[in-house]
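Take the sequences, apply the hints, and build the full model.
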Amino acid sequence: MAKYAWPEADRRALIGKRISRIDGPVKVSGRAKYAYDIKRDGMLYAKMVRCPHAHAKVAAIDTSAAEKMPGVKAIRVIQPVGTEIKWAGDDIVVIAAVDEATAEDAVRAVKVQYEVLPHLVLDKEPPAAKPDEPQPLGMSDLRALLARKAPDSEIISRIEKDGISADDNILGPAKTAGASEAVLTALTNARKVDPGFFRRVATQTAGDPAKAFADSEVVSEGVYGLSVITHCCLEAHGMIAEWSDDKNLVVHPSTQNVSGTASQMATPLGIPAANIKVHQDHIGGGFGSKFGPDSWGIECARISKLAGGKPVKLFLERNPELAVAGARPSAFARVKIGAKRDGQILAWQSDSWGTGGPGGGGSPPMPYVFNIPNQRKQHTAIVNHIGPGRAWRAPNHPQGCLITMTALDDMAAKLNMNPLDFFLKNIELVGTRAQVYRDELKICADLIGWEKNWHPRGDKTSGAMKRGFGLSIHTWGGAGHPSDCAITIQPDGSVELKMGTQDLGVGTRTALNIVAAETFGLPLNAVKVSIGDNSYPASGASGGSTTIGGITASSRRAAVDALEQVLIKAAPALNATPAELEAWDGKIRVKTDPSRSLTWAQACSKLGAMPITVQGKNPGLEKLNDQGVGGCQMADVSVDYETGVVKINKIVAVQDCGLVINRKLAESQVYGSLIMGVAYALYEEKVMDQQTGRMLNPNMEFYKLAGLGDIGELVVHMMTGKGYDERGVIGLGEPPVISPGAAISNAVANAIGVRVPVLPLTPDRVLAALEAKGANNASI
Amino acid sequence: MDSDDRNDGEKLTEQASGFSRRDFLKVGGISLSVPLVMGPRTIRVAGQDVKIYGPGKVPISLNINAKNYSAEVEPRITLLDTLRNELDLTGAKRVCDRASCGACTVIIDGKAVYSCTVLAIEAQNKKITTVESLMNGDQLHPLQQAFVDNDGQQCGFCTPGFVMACKAFLDKNPHPKPDDLKTGLGGNICRCGTYVGVRAAVMQAATGQSAMSSLSDSLENEGGQANG
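Protein chains in written order, with this note's numbering: chain D, 1 to 780; chain X, 1 to 228.
If you are wondering where the hints come from, they were derived from the structure by calculation, not from laboratory data.
Any given hint could turn out to be false.
[Stated by the list, open to error] Within a straight-line C-alpha distance of at most 25 Å, the following computed DMTMM-like cross-link-like pairs (lysine to aspartate or glutamate) qualify:
#, chain 1, residue 1, chain 2, residue 2
1, D, K277, X, D88
2, X, K177, D, E317
3, D, K39, D, D99
4, D, K310, X, D88
5, X, K57, D, D710
6, D, K647, X, D180
7, D, K310, X, E72
8, X, K57, D, E642
9, D, K425, D, D246
10, D, K310, D, D208
11, X, K57, D, E100
12, D, K39, X, E132
13, D, K623, D, E582
14, D, K39, X, D180
15, X, K57, D, D105
16, X, K182, D, E580
17, X, K172, D, D710
18, D, K33, X, D180
19, D, K68, X, E132
20, D, K39, X, D88
21, D, K528, X, D179
22, D, K340, X, D88
23, D, K68, X, D88
Encoded structure:
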């Protein structure tokens with residue numbers, strides 16, 4: 001409805017400006033209290049005994065020595081004798097003690113014996129599927145069959161022929177998914193077959209790939225991929241839990257999901273979700289890894305109860321934080337692309353694989369952004385023992401992007417085409433947003449000096465330092481999540497906005513403040529913003545760039561409706577109708593005669609003795625928000641030909657996200673994405689050791705992140721104004737983190753004349769690629 | 001480093017602290033039945049009298065932000081954990097807990113130090129400055145204001161440590177060139193990726209001028225508000 005629309009550009013006092021985050025002062029002063037910082041009276045500290053084996057059965061647990069230690073208050077076996085453990089670092093026993101050191105001593109005093117089982121922690125290319133290789137039916141296969149309404153006879157014959165996966169719990173979910181009685185009977189009687197490590201996703205085809213490859217004049221083939229990385233949140237996962245009585249729990253988690261935490265804890269704890277109070281003021285990083293309370297959150301609450309309800313603090317040490325609390329699935333692919341000599345892309349073929357641990361991991365979107373008309377794709381998820389994968393900022397997109405954009409860049413090189421021309425030649429394949437990408441590519445190219453600087457593969461200048469340029473494009477949805485908001489206006493004019501959302505550091509508080517203050521015509525500090533508590537109106541988890549679209553829609557609607565009530569009360573005093581009034585510059589005034597006005601406080605005093613509270617809700621996509629963005633990035637790197645070290649000179653990011661609420665913090669999101677991108681392109685890797693089954697670098701000296709000197713010059717250009725603003729608000733957290741890996745890899749290939757196929761582009765991988773190329777061609 | 005160098009290193013350590021790690025472990029092994037809190041004992045090691053603390057809790061006193069604090073901690077407890085768990089000074093954060101990330105940075109006798117890698121008992125008789133001391137009443141320190149102005153923080157968990165590292169850096173290098181920051185501030189890790197803002201903040205604090213090109217359309221003084 002029009003009345004909720006965003007104000008026109010000339011009527012925006014705050015929206016779209018560069019505004020400092022309102023919680024900046026508490027953060028820079030150290031006064032911001034994160035869950036990790038909270039200390040409650042009589043608080044106990046909990047630590048966990050963790051399994052050292054990647055795959056094992058718990059054979060014996062002896063906690064007697066720990067029980068006798070002074071200061072130990074409670075011990076709980078989480079995974080009892082007989083349990084199969086599927087990754088190193090999984091939690092076995094939890095202990096609460098009076099201080100951290102005592103809890104650590106007690107953990108060391110617990111003796112656990114394991115029956116060690118065979119494990120796999122690598123994600124090497126799986127053997128090619130044989131055409132008639134039987135693959136036991138898993139739940140995802142059954143879902144696919146039900147989705148395409150396969151006849152019962154087909155499903156049953158498949159079940160009888162191949163058996164069902166011994167790893168999946170199928171029967172219950174099959175019933176929920178709508179399987180017939182006959183299918184359920186077949187499932188009950190089916191052979192249970194060990195599915196092994198490789199879950200093959202059914203081959204997908206589009207168009208006529210065989211013919212398209214036959215028609216292609218140039219075919220480019222390569223292997224590309226990126227390793228498993230971790231989230232490495234600086235504030236570890238964990239929470240503080242305490243019971244006010246045996247039915248009521250208070251938790252301070254580090255979470256991306258304030259409103260959704262209680263319902264996830266209620267069932268395992270056997271209390272109603274309504275009895276769980278959740279509060280969080282600040283969170284020290286999440287990136288997709290903190291949507292649920294996790295086993296350690298549930299155990300924190302349980303051991304608190306065991307210790308008489310005392311507050312218990314359980315946060316992961318850095319080692320498990322890196323080893324078990326977050327991982328982005330790897331992805332690799334053999335790619336074949338067919339094109340005409342003039343650069344027109346005809347066909348795509350990919351055989352991909354990767355691991356997200358025990359769940360296997362998702363299949364990355366490929367070919368990415370470019371919808372190549374003829375495709376054949378096959379993906380194999382490797383189910384192994386590296387620990388569970390989690391959503392990592394823009395799940396599956398950096399993988400799909402890296403594989404697609406590097407393969408396309410190799411095709412451009414094979415065609416002797418400038419990749420920018422090659423991308424532009426095929427840009428219609430991206431669909432409806434082709435013109436946005438055209439505009440972005442042009443701006444990006446201007447900002448990095450593409451035309452002047454780009455050279456064909458291989459920097460031919462003398463010296464060991466080789467300079468190169470690369471590009472990539474990406475997309476994301478970013479539609480707003482469900483969100484409710486309450487705004488209370490007091491008769492003295494003070495305003496409070498309440499919402500059960502969370503600020504991950506993206507500026508959620510500030511955005512809410514801007515929307516409310518803008519609507520009321522007030523300065524920022526005239527609105528109090530209260531978030532981070534599940535007693536406030538529920539708002540969605542912060543993930544998938546869904547927050548900004550959701551919270552701005554609900555807060556705008558609440559504010560517009562609240563203002564309407566103030567205008568109704570103020571109108572008689574101004575001898576006008578409410579429709580003739582507006583809120584601007586701290587006043588309620590007559591639009592056509594601004595000299596007739598009341599101050600905001602005078603207007604609110606007309607409310608009478610009682611405050612008003614107005615609720616707003618994000619109704620879904622309408623005028624206030626939208627989905628679907630495009631972005632483009634170009635990288636300028638130097639590679640030391642002798643040491644293999646890659647150095648970032650400059651990266652330019654051009655990004656659209658509809659209407660920008662706060663330019664300063666929007667740019668911060670993009671800068672941060674580029675820096676995270678540099679880290680996963682050059683440094684980050686969860687290194688697994690097949691011998692021991694453990695992660696070799698679960699610490700911050702060997703799990704490498706980018707430092708302040710590693711990032712080069714970063715340039716951010718936001719697409720705003722006409723054509724963008726009127727789309728409304730769209731999420732921005734994910735999209736700019738998708739392209740850096742591909743843009744940097746392409747720049748390195750441009751510098752040294754050969755593709756380094758797998759991220760991170762560490763010196764050993766760069767030198768290995770140079771060596772492999774040297775065998776064919778000694779010069780760059 | 002060859003084996004001779006290593007031996008020299010250990011000797012140096014012995015001279016500096018009075019006892020080697022080996023001796024420390026030997027002493028630790030025979031002291032299990034000490035009372036919960038006691039002062040240091042003196043024993044003779046390597047021909048010298050040295051004070052032995054622990055392994056139980058010992059009373060310590062720390063000078064933090066020009067104020068004296070008393071606490072009772074085991075000798076194995078770090079300065080960081082003492083600040084956070086005993087004194088409720090939680091500005092310094094525990095992240096890597098082994099001197100890799102800088103989130104726990106405090107200033108000791110003028111030098112930026114990773115407080116996760118200093119024992120509390122070793123920090124006695126030194127001047128410890130934490131992020132909590134920088135504000136003057138409700139007024140942010142100019143460096144802190146520069147962090148806010150240039151958005152040198154996102155989630156903010158690395159920020160207090162970064163602010164302290166920048167403070168120590170600027171105290172020593174009041175007029176840095178942009179390139180000096182790369183090495184001078186390379187010891188702090190930010191996961192959200194705020195280095196662009198941090199670099200601009202340090203240059204603003206050093207020059208008194210905003211490094212952000214587009215300050216003209218900013219609303220720096222709009223009335224920022226800190227909600228808990």
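>> For each hint given before, does the structure comply? Return the numbers of the non-compliant ones in rising order.
In response: The structure breaks hints 2, 5, 8, 9, 10, 14, 16, 18, 19, 21, 22, 23; every other hint is satisfied.
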